[in-house]
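Undergrad: Sequence lines, in order, name chains Z and Y. Mapping of the first sequence onto this note's numbering: position 370 corresponds to residue 370, and the numbering continues sequentially without gaps. Mapping of the second sequence onto this note's numbering: position 44 corresponds to residue 44, and the numbering continues sequentially without gaps.
Be a bit skeptical, because a hint or two may be false.
What the hints assert, rightly or not - Okay, derived cross-link-like pairs now, BS3-like style, lysine-lysine, Cα gap no bigger than 27 Å in a straight line:
{"id": "1", "chain 1": "Z", "residue 1": "K230", "chain 2": "Y", "residue 2": "K30"}
{"id": "2", "chain 1": "Z", "residue 1": "K410", "chain 2": "Z", "residue 2": "K379"}
{"id": "3", "chain 1": "Y", "residue 1": "K216", "chain 2": "Z", "residue 2": "K110"}
{"id": "4", "chain 1": "Z", "residue 1": "K270", "chain 2": "Y", "residue 2": "K216"}
{"id": "5", "chain 1": "Z", "residue 1": "K208", "chain 2": "Y", "residue 2": "K216"}
What the hints assert, rightly or not - Partial list, computed: chain Z residues near chain Y (C-beta under 8 Å):
{"id": "6", "residue": "S62"}
{"id": "7", "residue": "R138"}
{"id": "8", "residue": "K157"}
{"id": "9", "residue": "Q170"}
{"id": "10", "residue": "P307"}
{"id": "11", "residue": "V310"}
Stated by the list, open to error - Reference excerpt, derived from the structure (chain Y facing chain Z, CB under 7 Å, subset only):
{"id": "12", "residue": "L35"}
{"id": "13", "residue": "N38"}
{"id": "14", "residue": "P88"}
{"id": "15", "residue": "Y95"}
{"id": "16", "residue": "E103"}
{"id": "17", "residue": "L230"}
I should point out that these hints are in silico values taken from the structure, not numbers from a laboratory. In this text the structure is predicted, and so the values were computed from the model without any measurement. Virtual Cβ for every residue (Gly too), placed ideally from N, Cα, C.
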Amino acid sequence: MQFSSLYYPCCMVIFRLFVNKVAEAPNQAMNAENFLARPSSADREPINFQEKVFLVIDDVVSMRASLRSTISTLGGTRIDMAGNGIEAINRMEQRSYDFILCDYDLGGGKDGQQLLEEIKQRKLIKHSTIFMMITAERSYEKVVSAAELAPDDYLIKPFAGEVLRLRLEQLAQKKAYFSPVFALMDQQNYRRAIQICDELLKSPNQYKIDLMRLKADICMLLGDYSTAGKLYEQILAFREIPWARMGLAKSMYHMNNFGGAVETFKQVTKNTPNYMEAYDWLAKSYSAAGDEPSAQQTLMAAAEKSPRVVHRRKALGEIAYRNDDLETAQDSYEAVLEFGKNSALTSPEDYANLSRVYIDQGKCDQAMTVMKDARKTFKNSPEALLHGAVMDSLAYQKSGNTEAAEEALKEALEQFDACDNMQGSVTLDIARSCFQLGDEKTGKKLIADFIQNNHADKKIHLHAENMFKKIGMHDKGKEIITTSSREVITLNNQAVRMAQAGDLRGAVDLLMQAVAKYQENTVIVLNAVHAILTLMQAQGWDMELGKSAKAYLATIKNQDPDNQKYLMLADMYKNVAQRYGVRL
Amino acid sequence: MTEPDPDDTVRGLDAIDFTALFAAQIHDLKNLLFLLLNSLDEALNKRCSGPEIGEETSSRLALLKYNGQLINDKLIQMLALFRFAQGPYVIDIAYRPVKELIEEIVAEAKPLLGSRSIAASHDVETELCWFYDRDLVAGVLNNAIHNALRCAKSEIRLSAFTENGLLAIRVEDDGEGFPQKILENGGSMKNLDISGGKTGLGLYFSSVCAGLHTNKGQSGRIELSNGGSLGGAVFTLFLP
Chain Z
1 MQFSSLYYPC CMVIFRLFVN KVAEAPNQAM NAENFLARPS SADREPINFQ EKVFLVIDDV
61 VSMRASLRST ISTLGGTRID MAGNGIEAIN RMEQRSYDFI LCDYDLGGGK DGQQLLEEIK
121 QRKLIKHSTI FMMITAERSY EKVVSAAELA PDDYLIKPFA GEVLRLRLEQ LAQKKAYFSP
181 VFALMDQQNY RRAIQICDEL LKSPNQYKID LMRLKADICM LLGDYSTAGK LYEQILAFRE
241 IPWARMGLAK SMYHMNNFGG AVETFKQVTK NTPNYMEAYD WLAKSYSAAG DEPSAQQTLM
301 AAAEKSPRVV HRRKALGEIA YRNDDLETAQ DSYEAVLEFG KNSALTSPED YANLSRVYID
361 QGKCDQAMTV MKDARKTFKN SPEALLHGAV MDSLAYQKSG NTEAAEEALK EALEQFDACD
421 NMQGSVTLDI ARSCFQLGDE KTGKKLIADF IQNNHADKKI HLHAENMFKK IGMHDKGKEI
481 ITTSSREVIT LNNQAVRMAQ AGDLRGAVDL LMQAVAKYQE NTVIVLNAVH AILTLMQAQG
541 WDMELGKSAK AYLATIKNQD PDNQKYLMLA DMYKNVAQRY GVRL
Chain Y
1 MTEPDPDDTV RGLDAIDFTA LFAAQIHDLK NLLFLLLNSL DEALNKRCSG PEIGEETSSR
61 LALLKYNGQL INDKLIQMLA LFRFAQGPYV IDIAYRPVKE LIEEIVAEAK PLLGSRSIAA
121 SHDVETELCW FYDRDLVAGV LNNAIHNALR CAKSEIRLSA FTENGLLAIR VEDDGEGFPQ
181 KILENGGSMK NLDISGGKTG LGLYFSSVCA GLHTNKGQSG RIELSNGGSL GGAVFTLFLP
């Protein structure tokens with residue numbers, strides 16, 4: 001593609017400042033079926049601000065007043081004010097806004113970006129709402145932030161009222177242009193959304209790059225990494241843009257090209273050293289390529305740059321623990337608790353992680369104190385009690401108090417049975433305690449279930465192996481892991497072979513049996529859905545199978561709503577249903 | 001009661017990180033300027049909606065606002081250069097219509113014209129889009145416009161076009177033109193001479209901002225000359 005194809009050549013517009021209104025062409029209405037309208041600044045429609053509802057968020061009274069007066073010069077009259085994040089959220093819960101002007105610096109507490117993230121997470125604003133961040137200086141994060149968490153635009157103080165008007169008009173035009181695509185994405189109709197992007201891309205326009213990015217993002221969601229990668233490459237051929245380089249690297253990672261991903265993420269961190277997300281992915285790629293020490297080093301460098309980011313500290317603790325670097329693990333998990341205190345960012349598991357490091361270091365008292373803290377912080381929630389009992393039992397063992405250890409393990413197992421769907425490290429901790437106290441049968445059963453429900457999760461295998469190594473059962477542990485996962489893999493492969501040989505019905509039956517056995521195994525459940533949909537696509541809709549597929553999808557949506565294969569299959573389900581005229 | 005030791009106060013000053021302090025203070029100053037300029041706008045708008053304020057007051061208000069903008073230019077330049085120096089600075093390249101940018105620059109400049117008979121016109125290729133950092137480029141162009149406003153007799157012209165694969169944005173006026181000394185440097189300020197009183201900070205800032213725009217081995221630059229279509233100073237920003 002040639003760069004010159006990006007714009008229309010020459011056509012002069014001249015106007016005098018004092019006379020200055022360019023004739024406005026009527027703006028065409030945008031909807032899913034009318035996507036050929038070509039936007040340009042010439043056909044931008046003036047907004048009747050009097051009909052619009054504004055929210056101004058700023059902690060300084062005089063600043064709010066000043067913004068109010070600017071808005072009223074544009075003709076706006078319905079203007080609400082908020083002095084902090086909490087007030088702003090209260091307002092948004094009661095009223096829906098067209099324009100939100102938010103100062104980045106809101107005094108103490110949340111800043112504008114954190115507020116925006118909460119608003120987006122809680123879906124407090126409509127898609128059409130325009131969120132404008134107002135700031136004295138553009139924040140660095142803007143340059144590198146993920147598109148979905150960024151405000152619609154930034155406005156740098158001071159600015160003239162006229163500029164605010166122009167910006168709001170530009171943004172409203174852009175929102176309207178993209179709204180058909182976003183509407184389809186909301187309905188999880190991703191394929192159609194891509195088609196609309198393609199249609200829009202046919203006519204060159206100012207949103208070309210945004211459209212390519214959006215299309216690439218949707219392809220990533222659907223697991224079509226190769227198309228996404230190509231789109232990012234096309235963008236990079238125009239211009240070196242950090243997010244495009246990042247997207248390309250992610251697509252490589254997902255296509256299991258870990259070497260390429262490492263090189264490309266490295267390029268991002270070199271060109272844009274503050275693009276923190278790139279470090280997380282670089283570490284992930286190193287890990288996937290089997291280079292754990294480099295992964296740890298990458299995360300350590302990132303943690304040094306921005307020490308307060310809890311999720312990264314967690315990842316570092318995990319990897320350092322796996323690498324047997326207990327000092328770094330301790331440091332990281334302590335930081336997680338310190339910086340994540342009193343926020344929704346920590347869970348009892350984080351306390352258990354730190355406690356586990358203390359136990360391995362022989363600091364049994366500290367290990368138990370941490371869990372006491374956890375129980376207190378989480379007000380004796382079942383999860384906190386479970387983690388607490390397990391870690392206590394391990395700590396008692398380490399300090400030689402077998403009787404107390406057995407008592408604690410008994411409590412832990414009771415708690416474990418009472419909590420359904422317990423995932424994660426706690427299972428490994430309980431199993432470890434069982435093995436150490438001589439109850440091999442229970443330990444084996446726990447591990448087998450855990451592995452069978454996560455047979456394709458390499459990280460969980462690594463954690464399990466590491467646990468066995470720590471208790472001196474490396475070979476035996478490996479055997480337990482392999483046997484447990486082999487059962488599921490064999491079943492799954494058998495089904496895949498049947499499907500490949502054309503026996504779709506057989507594959508469906510086998511996978512549905514497998515689901516009954518390994519209900520929590522996401523991969524198996526999704527494969528069953530995939531097989532059902534492929535069968536129905538070829539042979540027509542089947543009421544019973546359709547119902548099962550829907551129910552399976554619902555369970556996954558519950559557990560892992562962002563799972564990419566789930567999104568792809570939810571889309572496929574809609575398509576197949578539509579094809580046979582099934583009402584959803 | 002003991003008298004406070006003046007040395008203690010001075011020693012306290014040692015502990016202040018002045019670079020960080022200055023950067024933070026610039027934020028506060030920009031906030032205050034925002035309030036100041038907004039009140040001026042209010043006054044100017046009142047004048048538009050009724051005859052309460054006379055012609056003369058109105059042109060004084062415009063002059064006030066112009067001087068406020070000059071202060072803002074300096075603050076932007078200082079803050080940006082500070083960030084560049086802290087490095088590494090990543091510019092926010094996005095693909096945007098050039099016309100959008102020009103419209104904003106004109107909207108910012110309009111209230112500064114007052115009752116003077118300076119007119120600005122702009123030529124822009126419609127549908128011309130480019131990759132550029134909007135805030136940096138706006139900083140450069142606003143500064144150029146403010147310089148032109150000081151020198152122009154009656155007209156300023158703003159134009160954008162492509163030349164040899166580069167985007168060119170040009171600000172012209174019908175004043176006396178740049179002094180020979182500035183032109184001798186070719187307008188591309190390589191370094192800053194603070195000793196001479198007038199620092200040329202604006203031009204230095206502009207050339208750094210232009211240079212931060214790079215693409216496939218090419219980087220942006222500024223060019224100064226005299227003459228042009230209005231016979232005065234010509235400032236051109238080239239972006240790859």
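Undergrad: Now, for every hint given, state plainly whether the structure supports it.
TA: Results for each hint:
1. K230/Z with K30/Y: Given pair K230/Z, K30/Y is violated - Cα atoms ~43 Å apart, limit 27 Å.
2. K410/Z with K379/Z: holds, 21 Å
3. K216/Y with K110/Z: Violated: K216/Y and K110/Z sit about 40 Å apart, past 27 Å.
4. K270/Z with K216/Y: holds, 17 Å
5. K208/Z with K216/Y: holds, 20 Å
6. S62: S62/Z check passes; min Cβ-Cβ to chain Y is 6 Å, inside 8 Å.
7. R138: holds, 5 Å
8. K157: holds, 4 Å
9. Q170: holds, 6 Å
10. P307: violated, 18 Å
11. V310: Not OK, violated: V310/Z not within 8 Å of chain Y, min 24 Å.
12. L35: holds, 5 Å
13. N38: Because about 4 Å separates N38/Y from the closest Cβ in chain Z, which is inside the 7 Å limit, the hint holds.
14. P88: holds, 6 Å
15. Y95: Hint holds; Y95/Y Cβ to chain Z Cβ min 4 Å, cut 7 Å.
16. E103: holds, 6 Å
17. L230: violated, 14 Å
Against the hints set out earlier in the document, violations occur for numbers 1, 3, 10, 11 and 17.
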